[in-house]
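Chemist: Here the sequence shown is numbered in this note's numbering, starting from 56 and rising by one per residue.
It is worth saying that the hints were derived from the structure and are not from the lab. Since this is a predicted model, take the numbers as computed values, not measurements. For glycine and all other residues, C-beta sits at the position ideal for the given N, C-alpha and C. Warning: the hint list may mix true and false statements.
Stated by the list, open to error - Result set (SDA-like, lysine to any residue): computed pairs, CA atoms no more than 20 angstroms apart in a straight line:
#  : residue 1 : residue 2
1  : 96        : 83
2  : 428       : 164
3  : 241       : 229
4  : 96        : 348
5  : 378       : 292
6  : 244       : 294
7  : 244       : 322
8  : 428       : 480
9  : 356       : 346
10 : 389       : 425
11 : 190       : 140
12 : 263       : 206
13 : 261       : 205
14 : 261       : 204
15 : 261       : 207
16 : 318       : 251
17 : 356       : 282
18 : 389       : 268
19 : 356       : 448
20 : 244       : 319
21 : 190       : 142
22 : 263       : 207
23 : 263       : 154
24 : 263       : 209
25 : 261       : 192
26 : 96        : 345
27 : 312       : 323
28 : 356       : 367
29 : 428       : 377
30 : 96        : 447
31 : 312       : 385
32 : 244       : 189
33 : 261       : 166
34 : 241       : 317
What the hints assert, rightly or not - Cβ pair distances, simulated, as ranges:
#  : residue 1 : residue 2 : range
35 : 60        : 189       : 50 to 58 angstroms
36 : 494       : 104       : 39 to 47 angstroms
37 : 208       : 144       : 16 to 24 angstroms
38 : 388       : 60        : 23 to 31 angstroms
39 : 480       : 162       : 23 to 31 angstroms
40 : 345       : 265       : 43 to 51 angstroms
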Amino acid sequence: MARAIFQFPSDFLWGTATADHQVEGQSNDSWTYWENLQNNKVYQNQRAGLACDWWGGRWREDFERMSYLGHNTHRLSIAWSRIQPDAHSVDDSAIATYREWFQDLQTRNIRPMVTLHHFTNPMWFEEEGGWLSSKSVERFVRWAEIAVDAFGDYVDFWCTFNEPMVYVAQAYLVGFFYPGQRSLRKMFKAIEHILRAHAGAYQIIKAKQPQAQIGLAKHIVIFESIWPHFINQIPVRLIHQGFNMAVPRALASGELKMPLQRKIVIPELGGTYDYVGLNYYQRYKGGFSPMHPQTLFLTQKHGPDAPPAPEQWGEIYPQGLQKAVGWVWNTLRKPIYITETGAPATNDEIRQWYIIMILIRIWRVINGNIPIKGIYYWTLLDNFEWIAAYNPEFRFGLYEVDFETQVRTLRPSGALFRDITLANAITSEIIEHHAPQFYEGLFPGEAGLQSVKFT
Numbered sequence: 056m057a058r059a060i061f062q063f064p065s066d067f068l069w070g071t072a073t074a075d076h077q078v079e080g081q082s083n084d085s086w087t088y089w090e091n092l093q094n095n096k097v098y099q100n101q102r103a104g105l106a107c108d109w110w111g112g113r114w115r116e117d118f119e120r121m122s123y124l125g126h127n128t129h130r131l132s133i134a135w136s137r138i139q140p141d142a143h144s145v146d147d148s149a150i151a152t153y154r155e156w157f158q159d160l161q162t163r164n165i166r167p168m169v170t171l172h173h174f175t176n177p178m179w180f181e182e183e184g185g186w187l188s189s190k191s192v193e194r195f196v197r198w199a200e201i202a203v204d205a206f207g208d209y210v211d212f213w214c215t216f217n218e219p220m221v222y223v224a225q226a227y228l229v230g231f232f233y234p235g236q237r238s239l240r241k242m243f244k245a246i247e248h249i250l251r252a253h254a255g256a257y258q259i260i261k262a263k264q265p266q267a268q269i270g271l272a273k274h275i276v277i278f279e280s281i282w283p284h285f286i287n288q289i290p291v292r293l294i295h296q297g298f299n300m301a302v303p304r305a306l307a308s309g310e311l312k313m314p315l316q317r318k319i320v321i322p323e324l325g326g327t328y329d330y331v332g333l334n335y336y337q338r339y340k341g342g343f344s345p346m347h348p349q350t351l352f353l354t355q356k357h358g359p360d361a362p363p364a365p366e367q368w369g370e371i372y373p374q375g376l377q378k379a380v381g382w383v384w385n386t387l388r389k390p391i392y393i394t395e396t397g398a399p400a401t402n403d404e405i406r407q408w409y410i411i412m413i414l415i416r417i418w419r420v421i422n423g424n425i426p427i428k429g430i431y432y433w434t435l436l437d438n439f440e441w442i443a444a445y446n447p448e449f450r451f452g453l454y455e456v457d458f459e460t461q462v463r464t465l466r467p468s469g470a471l472f473r474d475i476t477l478a479n480a481i482t483s484e485i486i487e488h489h490a491p492q493f494y495e496g497l498f499p500g501e502a503g504l505q506s507v508k509f510t
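I would like the entire structure built from these sequences, with the hints used as guidance.
Modeler: This is the structure:
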């Protein structure tokens, strides 16, 4: 057998990502309120409940799992609703809990990237009007100031917002997230306020912590039309321009240009990023359809060799990473972190394949002199997946979780990711040991990769 190695840079960051509502449990945020409405927007009207029980103390065992996996970083979010139970007070006990987490990560030499907003808000903020309110920007900037004051001695790596376009589309356009609005105008207003809030947060953190690295996590989807006629491609292109490119271009220029909307100039926004966070998962290949809001109004047609994926997820498509990286690199020209990537699968072989394919594409991009500095695999362990809740088709974790017992079990994909992390490389020996079914397609060359079939 041929022997070869895909070696990563010596300072490459290896880790996973989590979000507060999805793992902590016992939450008191806007998503908790949304779940309690029992409005059939969430899979089987399930509630997050204990989730992975981090707030109950199981973070300790899961941080130990990060160490076992060899990780030197972890991306997590902190709950605004816990730390600011109302607009004018701060919960010192919640701050103390998170400080204990950060201290533990520091002793493990795991660098935290801390996200300030991952799809949830305090209910007092929502009652003021949420992201449609004129107060929203100053409220979020104050939240950022509280966070940097409370945790700045442990944290200098900040992500202001996770997937802002996903959030505003789900909350204000298609109505699957709280507050369940369906208005293009409201979506535009919300994204404007979020970008203004990002700029303000960037400035306040930099003023207090000049060495901090600050950015946001932008979800990029590959959109392709199944119909060649240019008229059929117009809606797909408009979705790409709005969903994928409007936020990166606004960060670069200080001008928000959304399709069907007048340009909004935000002078303080331009250049407010020290790195680019890229969340990448899938391809939506189809035609425009108003009847498919969950997939951004596109019907779905998967490639003939695509692995099975949950309905509404799109096509599991690691092959598109280089294209997504190219879009953000050509626009923003700052170091890139893959702040999320992963595959929902009941068959762990799909997850193994995805990990190998995405890492090889990251390696290729790095060797093309585009600075990808690290990966945060989604996710460490199965958790509450928003509107998919605990649907078994939406399990991403390197660790399987039994939510009845809270028992965690390392998946074969987790063992594979661990050995790659510890080696800082994909080696032929690692593939031969963990995923021999993919060996011939990887060493040497790429022949055979597309012939892998999943059931």
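Chemist: Indicate, hint by hint, whether the structure satisfies it.
Modeler: Hints and how they fare:
Simply put, residue 96 and residue 83 have alpha-carbon atoms about 19 angstroms apart, close enough for the 20 angstroms limit, and the pair holds. Distance hint between residue 428 and residue 164 is fulfilled; the C-alpha atoms sit about 17 angstroms from each other, no more than 20 angstroms. Using a Cα cut-off of 20 angstroms, the hinted pair residue 241 and residue 229 holds, with the two alpha carbons roughly 11 angstroms apart. Under the criterion of a C-alpha separation no larger than 20 angstroms, the hint pairing residue 96 with residue 348 is consistent with the structure, at around 13 angstroms.
Note on residue 378 and residue 292: the hinted pairing holds, with a Cα-Cα distance of about 15 angstroms set against a maximum of 20 angstroms. Distance hint between residue 244 and residue 294 is fulfilled; the C-alpha atoms sit about 17 angstroms from each other, no more than 20 angstroms. For the hint pairing residue 244 with residue 322, the CA-to-CA distance comes to about 17 angstroms; that is within 20 angstroms, so the pair holds. For the hint linking residue 428 to residue 480, the alpha-carbon distance of about 14 angstroms falls within 20 angstroms, and the restraint holds.
For the proposed pair residue 356 and residue 346, the alpha carbon gap of about 15 angstroms is at most 20 angstroms, so the pair holds. A hinted pair counts as satisfied when its Cα atoms are at most 20 angstroms apart, and residue 389 with residue 425 qualifies at roughly 9 angstroms. Distance restraint check for residue 190 and residue 140: the Cα-Cα separation of roughly 17 angstroms lies within the 20 angstroms cut-off, and the hinted pair is therefore satisfied. Taking the CA atoms of residue 263 and residue 206, the gap is about 12 angstroms. The hint holds against a cut of 20 angstroms.
Among the hinted pairs, residue 261 with residue 205 is consistent with the structure: their alpha-carbon atoms are about 15 angstroms apart, no more than 20 angstroms. With a CA separation close to 12 angstroms, the supplied pair residue 261 and residue 204 stays within the 20 angstroms bound. At most 20 angstroms may separate the alpha-carbon atoms for a hinted pair to count; residue 261 and residue 207 meet this at roughly 11 angstroms. Proposed proximity of residue 318 and residue 251 is supported: the alpha carbons are some 14 angstroms apart, at most 20 angstroms.
Our distance criterion of 20 angstroms between C-alpha atoms is met by residue 356 and residue 282, whose separation comes to about 11 angstroms. The straight-line distance between the Cα atoms of residue 389 and residue 268 is roughly 11 angstroms, inside the 20 angstroms bound, and the hint therefore holds. Among the hinted pairs, residue 356 with residue 448 is consistent with the structure: their alpha-carbon atoms are about 19 angstroms apart, no more than 20 angstroms. Distance check on the hinted pair: residue 244 and residue 319 sit about 10 angstroms apart at the alpha-carbon level, within 20 angstroms; holds.
Our distance criterion of 20 angstroms between C-alpha atoms is met by residue 190 and residue 142, whose separation comes to about 11 angstroms. Taking the CA atoms of residue 263 and residue 207, the gap is about 9 angstroms. The hint holds against a cut of 20 angstroms. Under the criterion of a C-alpha separation no larger than 20 angstroms, the hint pairing residue 263 with residue 154 is consistent with the structure, at around 18 angstroms. Distance check on the hinted pair: residue 263 and residue 209 sit about 14 angstroms apart at the alpha-carbon level, within 20 angstroms; holds.
As the CA atoms of residue 261 and residue 192 are separated by approximately 17 angstroms, the hinted pair is consistent with the 20 angstroms bound. Annotation: proposed proximity of residue 96 to residue 345 holds, straight-line Cα distance about 18 angstroms (limit 20 angstroms). Note on residue 312 and residue 323: the hinted pairing holds, with a Cα-Cα distance of about 16 angstroms set against a maximum of 20 angstroms. A hinted pair counts as satisfied when its Cα atoms are at most 20 angstroms apart, and residue 356 with residue 367 qualifies at roughly 11 angstroms.
Pair hint residue 428 plus residue 377 holds up; C-alpha atoms about 15 angstroms apart against a cutoff of 20 angstroms. Straight-line distance between C-alpha atoms of residue 96 and residue 447 comes to about 17 angstroms, which keeps the hinted pair within the 20 angstroms bound. A distance of roughly 17 angstroms separates the Cα atoms of residue 312 and residue 385; the hinted pair therefore holds under the 20 angstroms criterion. As the CA atoms of residue 244 and residue 189 are separated by approximately 10 angstroms, the hinted pair is consistent with the 20 angstroms bound.
Our distance criterion of 20 angstroms between C-alpha atoms is met by residue 261 and residue 166, whose separation comes to about 19 angstroms. For a cut-off of 20 angstroms, the pair hint linking residue 241 to residue 317 stands: about 14 angstroms separates their Cα positions. The hint said 50 to 58 angstroms for the Cβ distance between residue 60 and residue 189, and at roughly 55 angstroms that hint holds. For the pair residue 494 and residue 104, the beta carbons lie near 42 angstroms from each other, so the given range of 39 to 47 angstroms is met.
Judged by the Cβ atoms, the range 16 to 24 angstroms given for residue 208 and residue 144 holds: they are separated by roughly 22 angstroms. At roughly 30 angstroms, the beta-carbon separation of residue 388 and residue 60 lies within the given 23 to 31 angstroms, and the hint holds. Range check, residue 480 to residue 162: about 27 angstroms between beta-carbon atoms, so the 23 to 31 angstroms window is met. Taken as a hint, the range 43 to 51 angstroms holds for the pair residue 345 and residue 265, whose Cβ atoms sit roughly 48 angstroms apart.
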